[in-house]
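In the order they appear, the protein sequences are chains F and W. Numbering-wise (the working numbering), the first sequence opens with residue 47 and increments by one. Numbering-wise (the working numbering), the second sequence opens with residue 11 and increments by one.
Treat the hints with care, since some could be wrong.
[To be verified] In silico lysine-lysine, PhoX-like type, Cα no more than 25 Å apart, as pairs:
| # | chain 1 | residue 1 | chain 2 | residue 2 |
| --- | --- | --- | --- | --- |
| 1 | W | K127 | W | K115 |
| 2 | W | K127 | F | K178 |
| 3 | W | K88 | W | K112 |
| 4 | W | K112 | F | K82 |
| 5 | F | K178 | W | K88 |
[Said to hold, decoys possible] Selected chain F positions facing chain W (Cβ under 8 Å, derived; list incomplete):
| # | residue |
| --- | --- |
| 6 | V72 |
| 7 | Q81 |
| 8 | Y84 |
| 9 | I85 |
| 10 | A88 |
| 11 | H143 |
| 12 | C162 |
Since the hints were derived computationally from the structure, they do not count as laboratory data. The beta-carbon is built from N, C-alpha and C at its ideal position, and this holds for glycine as well.
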Amino acid sequence: MSGHSHDHDHQHDHDHSTLSEMDVRVRALETLLTQKGYIDPAAIDRIIETYETEIGPHNGAQVVAKAWAEPEFKAWLLQDATAAIASLGFTGRQGEHMVAVENTAEQHNMVVCTLCSCYPWTVLGLPPVWYKSAAYRSRTVLEPRKVLADFGVALPQSTRIRVWDSTAEVRYLVLPKRPTGTDHLSQRELAALVTRDAMIGTALL
Amino acid sequence: MNGVHDMGGQQGFGPVLLEESEPLFHADWESRAMAMTVAMGASGQWNIDLSRSARESLPPAVYLSSTYYEIWIRGLEKLLLERSMVTQAELDAGQLITPPVKVNKVLTRDTVDAALKAGSPTERPIAQAALFKVGQKVRALNMHPQGHTRLPRYVRGHVGTIVSLHGGHVLPDQHTLRALPPFNVAVEWLYTVVFDGTTLWGAGSDPTVEVTVDAWESYLEAAA
Numbered sequence: 047m048s049g050h051s052h053d054h055d056h057q058h059d060h061d062h063s064t065l066s067e068m069d070v071r072v073r074a075l076e077t078l079l080t081q082k083g084y085i086d087p088a089a090i091d092r093i094i095e096t097y098e099t100e101i102g103p104h105n106g107a108q109v110v111a112k113a114w115a116e117p118e119f120k121a122w123l124l125q126d127a128t129a130a131i132a133s134l135g136f137t138g139r140q141g142e143h144m145v146a147v148e149n150t151a152e153q154h155n156m157v158v159c160t161l162c163s164c165y166p167w168t169v170l171g172l173p174p175v176w177y178k179s180a181a182y183r184s185r186t187v188l189e190p191r192k193v194l195a196d197f198g199v200a201l202p203q204s205t206r207i208r209v210w211d212s213t214a215e216v217r218y219l220v221l222p223k224r225p226t227g228t229d230h231l232s233q234r235e236l237a238a239l240v241t242r243d244a245m246i247g248t249a250l251l
Numbered sequence: 011m012n013g014v015h016d017m018g019g020q021q022g023f024g025p026v027l028l029e030e031s032e033p034l035f036h037a038d039w040e041s042r043a044m045a046m047t048v049a050m051g052a053s054g055q056w057n058i059d060l061s062r063s064a065r066e067s068l069p070p071a072v073y074l075s076s077t078y079y080e081i082w083i084r085g086l087e088k089l090l091l092e093r094s095m096v097t098q099a100e101l102d103a104g105q106l107i108t109p110p111v112k113v114n115k116v117l118t119r120d121t122v123d124a125a126l127k128a129g130s131p132t133e134r135p136i137a138q139a140a141l142f143k144v145g146q147k148v149r150a151l152n153m154h155p156q157g158h159t160r161l162p163r164y165v166r167g168h169v170g171t172i173v174s175l176h177g178g179h180v181l182p183d184q185h186t187l188r189a190l191p192p193f194n195v196a197v198e199w200l201y202t203v204v205f206d207g208t209t210l211w212g213a214g215s216d217p218t219v220e221v222t223v224d225a226w227e228s229y230l231e232a233a234a
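If we strip away everything but chain F, and leave its shape as in the complex, we get:
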């Protein structure tokens, strides 16, 4: 939740003049759809709450940490990511058909959606603005090394880069390389090392 209640009848206590055009437009739409009986504002609240507090990159980090720690789980993840990820309880919207791709010394993987903003919500939550930007969508398939440079990432020229354009309902999760010197860490500690961008392929660990 965003910390204050939304009223749905325009009787809010803000000064109208401080509201953006989009704020007014979206409030009007929500009021209308509620009056029509098409939506329940409490359901809207619950959807927001879910993505603000429950579904996010911490889910994906758990998947990655488990794959690093348990070779059998890693094999399952690479073979049938949908089932392996579902075994941790992460299923559903924008993660119905999952594929995990492993970074190695030979191949680095990056994920993009050139046509819209397809992104594995079940394991990463909602995408950041840059992922949805025209710059990222246009350039990643054309010049991924230059895009990586925008993120401060430089890969050896000997590493092949495979860019996965999410053009159907398959959603991709990058399995980053496990950092060296982490043999002694628990899965919980390993998960804390895993970043969202590493699971998109725009960061290294």
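Go by the hints and put chain W onto chain F.
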């Protein structure tokens, strides 16, 4: 359609701009826009392909000058107007003027979690054998349909290699042909196809790059 949304390989958009400690939403209306779009999707009055089609057929100048959730709201309004679920006068007034149409389902607070957990899988049983196998060379068709498609322009006409098969999936190009339920469902094999960067972008491009797309069978033909 060859829309402005088909951005792969376009140039001139500048660097990827990163925001330190980016919030999940940049305004309250963004969160309401996201959740209303999700909730209205559950109403069953359209499908995901129709909603993508509504966004990508916005006028190009509007698409490029709108923020992400603005595009979602414009797309949602368009879907509602097309089905006479709301009128422009109602959108302008932010008030009900005409009675609602009947919808299949209204999400409540109690049904949200199950709906999100279930999602909307697009895989379907498929009886016929797959036309292509892993390792086979295929050419992405040089096609320019007027309607919705998910074959990006930058691979059209180029030869790639089948990487994997994903079973039968609902074909977006057909799924958008009927605006209201029951939707037009055609199921085809879905493949991941990999292309060499130099095939797509020419001899001078980075030889260490490969790009994959997910492509339905009717987007592809066997290549010698």
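> Regarding the hint that I85 (chain F) lies at the interface with chain W, is the smallest CB-CB distance below 8 Å?
Replying inline: 5 Å, holds
> Do the numbers back the hint for H143 (chain F), that is, is its least Cβ distance to chain W under 8 Å?
Replying inline: H143 (chain F) check passes; min Cβ-Cβ to chain W is 6 Å, inside 8 Å.
>> Less than 8 Å between beta-carbons is the criterion; does V72 (chain F) satisfy it with respect to chain W?
In response: At about 4 Å, which falls below the 8 Å cut-off, the nearest Cβ of chain W leaves the hint on V72 (chain F) intact, so it holds.
> Taking 25 Å as the top limit, are the C-alpha atoms of K88 (chain W) and K112 (chain W) close enough?
Replying inline: 18 Å, holds
>> Can you verify the interface hint for A88 (chain F): is its Cβ closer than 8 Å to any Cβ in chain W?
In response: 4 Å, holds
> Given the hint that K178 (chain F) pairs with K88 (chain W), does the C-alpha gap stay at or below 25 Å?
Replying inline: Judged against 25 Å, a Cα distance of about 21 Å means the pair holds.
> Given the hinted pair K127 (chain W) and K178 (chain F), is their alpha-carbon gap at most 25 Å?
Replying inline: Distance ~24 Å between K127 (chain W) and K178 (chain F) Cα, so the pair holds.
> K127 (chain W) and K115 (chain W): Cα distance at most 25 Å?
Replying inline: 16 Å, holds
> Would the hint on Y84 (chain F) stand, with a C-beta cut-off of 8 Å toward chain W?
Replying inline: Holds, about 6 Å.
>> Please verify whether K112 (chain W) and K82 (chain F) have alpha carbons no more than 25 Å apart.
In response: 10 Å, holds
> If you take the shortest Cβ to Cβ gap from Q81 (chain F) to chain W, is it below 8 Å?
Replying inline: 4 Å, holds
>> Hint C162 (chain F) vs chain W: min CB-CB distance below 8 Å?
In response: 6 Å, holds
No hint from the list above goes unmet by this structure.
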